[in-house]
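So the protein sequences, as listed, match chains A and B.
Just so we're aligned: 33 in the UniProt record's numbering is position 33 of the first sequence, and the numbers increase by one with no gaps anywhere.
Just so we're aligned: 140 in the UniProt record's numbering is position 140 of the second sequence, and the numbers increase by one with no gaps anywhere.
Since the hints were made in silico from the structure, they are not lab data.
Check each hint, because a few of them may be wrong.
Which chain A residues stay away from chain B? Per the calculated CB distances, all over 12 Å, these [what the hints assert, rightly or not]:
{"no.": "1", "residue": "PRO22"}
{"no.": "2", "residue": "GLU35"}
{"no.": "3", "residue": "SER37"}
{"no.": "4", "residue": "TYR40"}
{"no.": "5", "residue": "THR45"}
{"no.": "6", "residue": "GLN61"}
{"no.": "7", "residue": "ARG82"}
Label pairs and their calculated CB-CB ranges [to be verified]:
{"no.": "8", "chain 1": "B", "residue 1": "THR261", "chain 2": "A", "residue 2": "HIS51", "range": "45 to 51 Å"}
{"no.": "9", "chain 1": "A", "residue 1": "SER72", "chain 2": "B", "residue 2": "LEU289", "range": "53 to 59 Å"}
{"no.": "10", "chain 1": "B", "residue 1": "GLU208", "chain 2": "A", "residue 2": "ALA21", "range": "50 to 56 Å"}
{"no.": "11", "chain 1": "B", "residue 1": "ALA25", "chain 2": "A", "residue 2": "SER10", "range": "32 to 38 Å"}
{"no.": "12", "chain 1": "A", "residue 1": "ARG63", "chain 2": "B", "residue 2": "HIS154", "range": "23 to 29 Å"}
{"no.": "13", "chain 1": "A", "residue 1": "PRO60", "chain 2": "B", "residue 2": "ALA108", "range": "31 to 37 Å"}
{"no.": "14", "chain 1": "B", "residue 1": "ALA270", "chain 2": "A", "residue 2": "TRP17", "range": "44 to 50 Å"}
{"no.": "15", "chain 1": "A", "residue 1": "SER72", "chain 2": "B", "residue 2": "LEU21", "range": "50 to 56 Å"}
{"no.": "16", "chain 1": "A", "residue 1": "HIS51", "chain 2": "B", "residue 2": "VAL16", "range": "54 to 60 Å"}
Don't be surprised by glycine CBs; every beta carbon is placed ideally from N, CA and C.
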Amino acid sequence: MVRGLGELESAIMDRMWARRAPASVRDVLEELRQERSIAYTTVMTVMDKLHTKGLLKRAPQGRAYVYEPVSSREAYTAELMRQTLAGGGNRAATLVHFLERLTPEEAAALQTALQVFPLKDSAP
Amino acid sequence: MIAAAVLLLYAVLAAVHLPRLGRMAAWAERAPRLAITMWQAACASVVASALLAAVAFAVPAEALGHGLAGLFEACAAMMDSGVTLTSAGAVALLVAGTALVRLGWCGAAVLFRAGAERREHVAWLRLLGRHDRNLGAIVLDHDERLAYCVPGRHARMVITTGALRALAPEQVAAVLAHERAHLRGRHHLVIAAAEALVTAFPGVPVFEHARTEVARLIELLADDVAARRHPRVQLAAALVGLATGRAPGFALGAGGETALTRVRRMVNPALPLRRGEHAAGLLTVGLLLCGPGAVALAPGLVALLAHHCHELLT
Chain A
1 MVRGLGELES AIMDRMWARR APASVRDVLE ELRQERSIAY TTVMTVMDKL
51 HTKGLLKRAP QGRAYVYEPV SSREAYTAEL MRQTLAGGGN RAATLVHFLE
101 RLTPEEAAAL QTALQVFPLK DSAP
Chain B
1 MIAAAVLLLY AVLAAVHLPR LGRMAAWAER APRLAITMWQ AACASVVASA
51 LLAAVAFAVP AEALGHGLAG LFEACAAMMD SGVTLTSAGA VALLVAGTAL
101 VRLGWCGAAV LFRAGAERRE HVAWLRLLGR HDRNLGAIVL DHDERLAYCV
151 PGRHARMVIT TGALRALAPE QVAAVLAHER AHLRGRHHLV IAAAEALVTA
201 FPGVPVFEHA RTEVARLIEL LADDVAARRH PRVQLAAALV GLATGRAPGF
251 ALGAGGETAL TRVRRMVNPA LPLRRGEHAA GLLTVGLLLC GPGAVALAPG
301 LVALLAHHCH ELLT
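So here's chain A without its partners, still in its complex pose (with noise of 0.2 Å):
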């Protein structure tokens, strides 16, 4: 369940999938600060909402935390594409598909339908 993930969350997440290695807020925080001015403890607030989320895990090393993804930025992505296509019955409503799902004996059956037509005379 991810609500409200604003602009920072999206950010952070960015910069922890990109560094394929555990981070601390400060890390982050050095990295956020090339492109922006942000406060140590709004970086925190956010971490600690996306360790909350399920998004980041984190250790104690030291006096803080060292957080790193749960799941990589793909294997999300292929869950939300699962979800999205086994969706069931209020799929309809919610989303609709270019095209469904098909068997390989159907998507032969496009291409041959499609060869007939060679596609350099492309007239509308």
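Let chain A serve as the given structure and place chain B on it in line with the hints.
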């Protein structure tokens, strides 16, 4: 009483047999917009005639003849004089009222659930995707070839990097034009309405078929809108491009028939309906929508005419 029986008979026959007539209509793929309107009118006419049957059964014909004002007067008179509805009439009105409330409730539930799912989905998209200004869409880093739209207040289009790699730029443009047609046409509301009817009254053939057909026809409609600005062949090629080369195990579920229809329509367009055919379609829509009301009012009108003619003659 006769009006009530006619309306009820029509509601039952239409609910069961209209789908068969609808399926036989080969012109639907040539005029998807008209066909969608006709399915909506068919559903509305079944609901309206069932509700009006109850009203016609419970309320005396003379009251209906004087229009709505007369109806209220009659109701007030009935309450004042202590005369109540017959118990059968009261039951009929109660059933009709319950059905109406149920429909409203289910409609609201479908919209609410869809809205909640969309909000959550958009939150994830904001996190996982990146907005591409040139495309006007969110690009998701994913190998599967997919394109879709999230309708509603924060409407957006989504395309995966897998789809972008598989399709030529003209094909991507055609796909996005199709999605934009869904968003601009507010197609999700059309689908939600059909969904609400099935949720409220499951197992009614006309509602079940309307939902399936509307979902199919809306794709054809969006194709037609996209084809106004983009070469039809590119849209067809995009359909094939997205359908093929999918990971095994990913390919399950239905929808193949619609896809084949769509490719055939794009590469080999049928003639649009002739003016006469189109007018006949609109006339049918009019009849479906006005018929139940006319039948319900007929006895009242007859009573009204009889009353006034009697006055004139004496």
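Outcome of the hint check:
1. PRO22: The claim stands: PRO22(A) keeps its Cβ more than 12 Å from every Cβ of chain B (closest is about 20 Å).
2. GLU35: holds, 16 Å
3. SER37: Answer for SER37(A): holds, closest chain B Cβ roughly 23 Å.
4. TYR40: The assertion about TYR40(A) holds, with a minimum of 23 Å to chain B.
5. THR45: With a cut-off of 12 Å, THR45(A) remains clear of chain B, as the shortest Cβ separation is near 17 Å.
6. GLN61: holds, 26 Å
7. ARG82: Contrary to the label, ARG82(A) does not stay out of reach of chain B, its closest Cβ about 9 Å off (not over 12 Å).
8. THR261(B) x HIS51(A): 45 to 51 Å: holds, 49 Å
9. SER72(A) x LEU289(B): 53 to 59 Å: Holds, since SER72(A) and LEU289(B) (Cβ atoms, about 54 Å apart) stay within the stated range.
10. GLU208(B) x ALA21(A): 50 to 56 Å: holds, 54 Å
11. ALA25(B) x SER10(A): 32 to 38 Å: violated, 48 Å
12. ARG63(A) x HIS154(B): 23 to 29 Å: Because 41 Å falls outside the window, the suggested range is violated.
13. PRO60(A) x ALA108(B): 31 to 37 Å: violated, 48 Å
14. ALA270(B) x TRP17(A): 44 to 50 Å: holds, 49 Å
15. SER72(A) x LEU21(B): 50 to 56 Å: holds, 53 Å
16. HIS51(A) x VAL16(B): 54 to 60 Å: holds, 57 Å
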